[in-house]
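> Following the hints, position chains B and C against chain A.
Protein chains in written order, with full-length UniProt numbering: chain A, 1 to 220; chain B, 1 to 214; chain C, 1 to 268.
Some hints here could point you the wrong way.
As the list claims (entries may be wrong) - Just the calculated beta-carbon pair ranges, DEER-fashion:
id, chain 1, residue 1, chain 2, residue 2, range
1, A, E201, B, A22, 54 to 64 Å
2, B, P109, A, G198, 29 to 39 Å
3, A, A167, B, N145, 24 to 34 Å
4, C, R11, B, T106, 29 to 39 Å
5, B, P123, A, N151, 33 to 43 Å
6, B, T176, C, E153, 56 to 66 Å
I should point out that these hints are in silico values taken from the structure, not numbers from a laboratory.
From the three backbone atoms N, C-alpha and C, an ideal C-beta is built for every residue, glycine too.
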Amino acid sequence: MSFDVSVILGALPAILSGLQITLGIWLASTAMGAVLGFVVAALRHFGPQPLALALRLAVEVLRGTPFLVQIFLLYFGGPFIGLSLDPVPAGLLGLSLYAAAYFSEIVRAGFAAVPRGHVEAAQCVGLSQAQIVRRILVPEMTMLVLPQAVNMAVILLKETAVLSIIAVPEATATISAIGSQQYAFVEALFLLAVIYWGLVEACGRAGQALECRLSKFRFA
Amino acid sequence: MTPRLFELMLKAAGTTVVISVASIGIGLLIGILVCAARLSPRPWLRWPAGLFVSFFRGVPLLVQLLLIYNLLPAIGLTVPSVVAALIGLSLCTAAYQAENLRGGFTSVPRGLLEAADMVGLSPWQQFRRIRAPIALRLTVPALVNEAILILKASSLISVVGVIELTRTAQNLAASTYEPLLFYAVAGGLYLAINWLVAAGGSLAERALRRGRLA
Amino acid sequence: MTLPSSAIAIRGLCKSYGKAEVLHDIDLEIARGATTCLIGPSGSGKSTLLRCIAFLEEATRGTILINGQPLGFEEQPDGKRVRVPAHQIRRVRSGIGMVFQQFNLWPHMTALGNVTEALVTVNGLSRAEAEARGMAQLRRVGLEARARHYPSELSGGQQQRVAIARALALEPKILLFDEPTASLDPELTGEVLNVMRDLGADGMTMVVVTHEIGFAATVGRRIVFLDHGRVLLNGTPGELFAAPRHPRLTQFLETYLDRGAAMLLKPA
Numbered sequence: 001m002s003f004d005v006s007v008i009l010g011a012l013p014a015i016l017s018g019l020q021i022t023l024g025i026w027l028a029s030t031a032m033g034a035v036l037g038f039v040v041a042a043l044r045h046f047g048p049q050p051l052a053l054a055l056r057l058a059v060e061v062l063r064g065t066p067f068l069v070q071i072f073l074l075y076f077g078g079p080f081i082g083l084s085l086d087p088v089p090a091g092l093l094g095l096s097l098y099a100a101a102y103f104s105e106i107v108r109a110g111f112a113a114v115p116r117g118h119v120e121a122a123q124c125v126g127l128s129q130a131q132i133v134r135r136i137l138v139p140e141m142t143m144l145v146l147p148q149a150v151n152m153a154v155i156l157l158k159e160t161a162v163l164s165i166i167a168v169p170e171a172t173a174t175i176s177a178i179g180s181q182q183y184a185f186v187e188a189l190f191l192l193a194v195i196y197w198g199l200v201e202a203c204g205r206a207g208q209a210l211e212c213r214l215s216k217f218r219f220a
Numbered sequence: 001m002t003p004r005l006f007e008l009m010l011k012a013a014g015t016t017v018v019i020s021v022a023s024i025g026i027g028l029l030i031g032i033l034v035c036a037a038r039l040s041p042r043p044w045l046r047w048p049a050g051l052f053v054s055f056f057r058g059v060p061l062l063v064q065l066l067l068i069y070n071l072l073p074a075i076g077l078t079v080p081s082v083v084a085a086l087i088g089l090s091l092c093t094a095a096y097q098a099e100n101l102r103g104g105f106t107s108v109p110r111g112l113l114e115a116a117d118m119v120g121l122s123p124w125q126q127f128r129r130i131r132a133p134i135a136l137r138l139t140v141p142a143l144v145n146e147a148i149l150i151l152k153a154s155s156l157i158s159v160v161g162v163i164e165l166t167r168t169a170q171n172l173a174a175s176t177y178e179p180l181l182f183y184a185v186a187g188g189l190y191l192a193i194n195w196l197v198a199a200g201g202s203l204a205e206r207a208l209r210r211g212r213l214a
Numbered sequence: 001m002t003l004p005s006s007a008i009a010i011r012g013l014c015k016s017y018g019k020a021e022v023l024h025d026i027d028l029e030i031a032r033g034a035t036t037c038l039i040g041p042s043g044s045g046k047s048t049l050l051r052c053i054a055f056l057e058e059a060t061r062g063t064i065l066i067n068g069q070p071l072g073f074e075e076q077p078d079g080k081r082v083r084v085p086a087h088q089i090r091r092v093r094s095g096i097g098m099v100f101q102q103f104n105l106w107p108h109m110t111a112l113g114n115v116t117e118a119l120v121t122v123n124g125l126s127r128a129e130a131e132a133r134g135m136a137q138l139r140r141v142g143l144e145a146r147a148r149h150y151p152s153e154l155s156g157g158q159q160q161r162v163a164i165a166r167a168l169a170l171e172p173k174i175l176l177f178d179e180p181t182a183s184l185d186p187e188l189t190g191e192v193l194n195v196m197r198d199l200g201a202d203g204m205t206m207v208v209v210t211h212e213i214g215f216a217a218t219v220g221r222r223i224v225f226l227d228h229g230r231v232l233l234n235g236t237p238g239e240l241f242a243a244p245r246h247p248r249l250t251q252f253l254e255t256y257l258d259r260g261a262a263m264l265l266k267p268a
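One chain only, chain A, in its complex shape:
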C-alpha cells in the first residue's frame, strides 16, 4: 500500500475547522458539565429528598449506559417529544449532561473526603454555614478532586469523536471524510489518531503541572 499523508494535509483549512469544533465542544461541555455536576452534587446533598433521589437515578442512568446510546436517544428520539436539535447543539447538550453525571460523582466524593474535623474547626472559630462551604469545603474539595477532574476532561476529549456518528463536523468526521474523498482513509485515520494522542498527552501533562503547583495546599 502507499502511504502518503500529504494528500490529507492539502485540505488543511477543513482539518483546522474540524479541530476547532472538537476543541470548542470539548471545552464548552467540560465547563458546563463541571458547573452542572457541582450543582447536582450540591442538590443531592442539601436539596429535598425526592429531588435528591431523582438526581441520583438520572446520574446512575447516565453513568450506566453508553454515550452513543444517549446521543442517539437525544438526536433521533428528541424530535418525537418536540426536541429537534441540529447535530452541534445536540452533541453539546448530550456531552454536557454526560459530563455532569460523572463530575457530580467526583464532586460528591470530594466533599465526602474533606475531613469532618476541618469543618468542626471552622465552626469553632465562628464561620457561618455558607462561609464554611465557600472558604473551607470548596477549596479543599477542589484540591482533592483535581486529578480525577483532569482525567474526566481527557475522557470527554476522546468522547467528542463519538459525535461524528451524528454528523457533527468535528475532527473525526472532517478528517475521515477528506480521507475517503482522497482515497487515503488509513492515512487520514493515522493523522487523526496522532492529533488526539498529542492533545491527550498535552492535557495530561498540563494537569500534572497544575497538580504540582497546587500541591503545597494539599494536606497529608
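Quick look at chains B and C alone, frame taken from chain A:
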C-alpha cells in the same frame, strides 16, 4: 414492542456480553504482558510498553476501531468485522488493564517483601506467593470498573458493522420509526447488565475482604 | 565447630545515602544469648544499623560477621571488600529473624499461613508438619486461638505477636526487632514486650531497636546508645544509667520521661 422484537434485543445484548467478556479476557492477558514489560528493568521492553499504553489510552476508541478495521484489509488481511472489533476492544482495554495492574504491583508495601526476604523466599517465590496475589486483590475493583467501561464502549463496534445491542436498536428504530422506544430499551439493557457486573464485583470484593491490606 | 563468642561482629561499618553519612565507622560486638538494646534519638542511625545487620540495607564500607560468617560482604586477605554469593547470603540470613515496626504480615494469608509460609515454600516441609510447628509457635506467643484469622481481623499487638511467631518458626539463632512497639497503642505494647521478655529469659539472642527505655533498662543485658551515627556509649544498664551519666544520654532520657525513663532519672 412485540415479544419477537424484544427477543431480538435480548439476543443482541447477549452478543454484546460475549464480545465484552472476550475482550476483557484477551485484554487481561495482553495487559499482564504489557505490565510485566512496563515494570521490567530493561529499557528496550519498558519503552515500547509505555508507548503502547500511551497510544491506546490517548486515542478515542472509535478512531482505533476505524483504524484497525481499515488497516487490516490495507495490509492484506481480510477479517470479519467482529474480529476487527475484538482486536480493537482488546488492545484498548489491555492498555488500561496494564496500568491498573501496574498500580496494584507498585502498591504492594515494600515491607511485605522485606519480610519475605528475611524468611528466605527467593525472588520468584516472593513474586508468586506474595506480590502477585496481593497485587491482583488490589486490582479487583479496577477490573470490575474496566469491565463496565468496556461493556459501554462496545457500543462503538456498531460503527464497524457488528450487529450487537446498539446496532440492533439502531436497525429496529429505523425500521419501526420508534427510536425513543428502542434506544430506551437498549439503555435499560446496558444498565441491567452493568448492575449485574457491579453486584458481582462487590460480591468478589466482599469475599476478598478478610485478606485485605490493613 | 565452636562458635565465636559474639553472635554478631561489626567492623568499621559505614553507610551513606548519597552524600549524607548515616553510620560512621561502627565497631560493635553483640553477645550471644543476651538482649542488646539500641537506643538513641530519631535519626541517630539505630534502625539503619539494624537493617544493615539484616542485610536489608547494604553498608557502604565495613563488614558484618554473623556467628563468624560474613553477611553480604567479605574482606579478603589483601583488604579488598567483595560481595559474597547470593546463596551464601540466604544461608547466613536464615539464622536471623526480623520483626518490623509495621508488622509486615502478608494480608492474604491467615496468622497460621504467615507462620508456615517459609516452612513450606523454603524448607519444603509438608503442610501438616508445617502447621504443627506453626501452631506451636503461635502457642508460644499466646495466639493459638487466632490461627485462622487474617491480619485485618487482629489487633496491632496480636499482629506483632504473629510476626514474632513467624520469625521464630524458622528457629533463628538471632532475632532482630525494629521498634516493635512504635506503631502500637500504649495499652497493646505490654503484650508484645512480655513475649519479648520471655524470649530473652529463654536465652534468645536479641537485638532490639526501641524507644521503650523502661524495657531496655530492665530486659537489656547491654545498652548501645547511638548518636549522630556513632556508638556513643555501650555498656550494661547499670553502667549507663547510673550517675554520673553522659550529658547526651541525660538529654535524651529527659525527652522520654513517659516511656519509662522517669524512673531512671529519679535521684537515687
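> Look at each hint and say if it fits the structure.
Results for each hint:
1. Checking the proposed 54 to 64 Å range against E201 of chain A and A22 of chain B shows it is violated: the Cβ atoms sit about 30 Å from each other.
2. In this structure the hint that P109 of chain B and G198 of chain A lie 29 to 39 Å apart at CB holds, the actual value being about 37 Å.
3. Separation of A167 of chain A from N145 of chain B is about 32 Å and conforms to the stated range, judged on CB atoms against 24 to 34 Å.
4. R11 of chain C and T106 of chain B have their C-beta atoms about 37 Å apart, which keeps the hinted 29 to 39 Å range intact.
5. For the hinted restraint 33 to 43 Å between P123 of chain B and N151 of chain A, the CB-CB distance of approximately 34 Å keeps it satisfied.
6. At roughly 57 Å, the beta-carbon separation of T176 of chain B and E153 of chain C lies within the given 56 to 66 Å, and the hint holds.
This entry does not satisfy hint 1, going by the numbered hints stated previously; all others are met.
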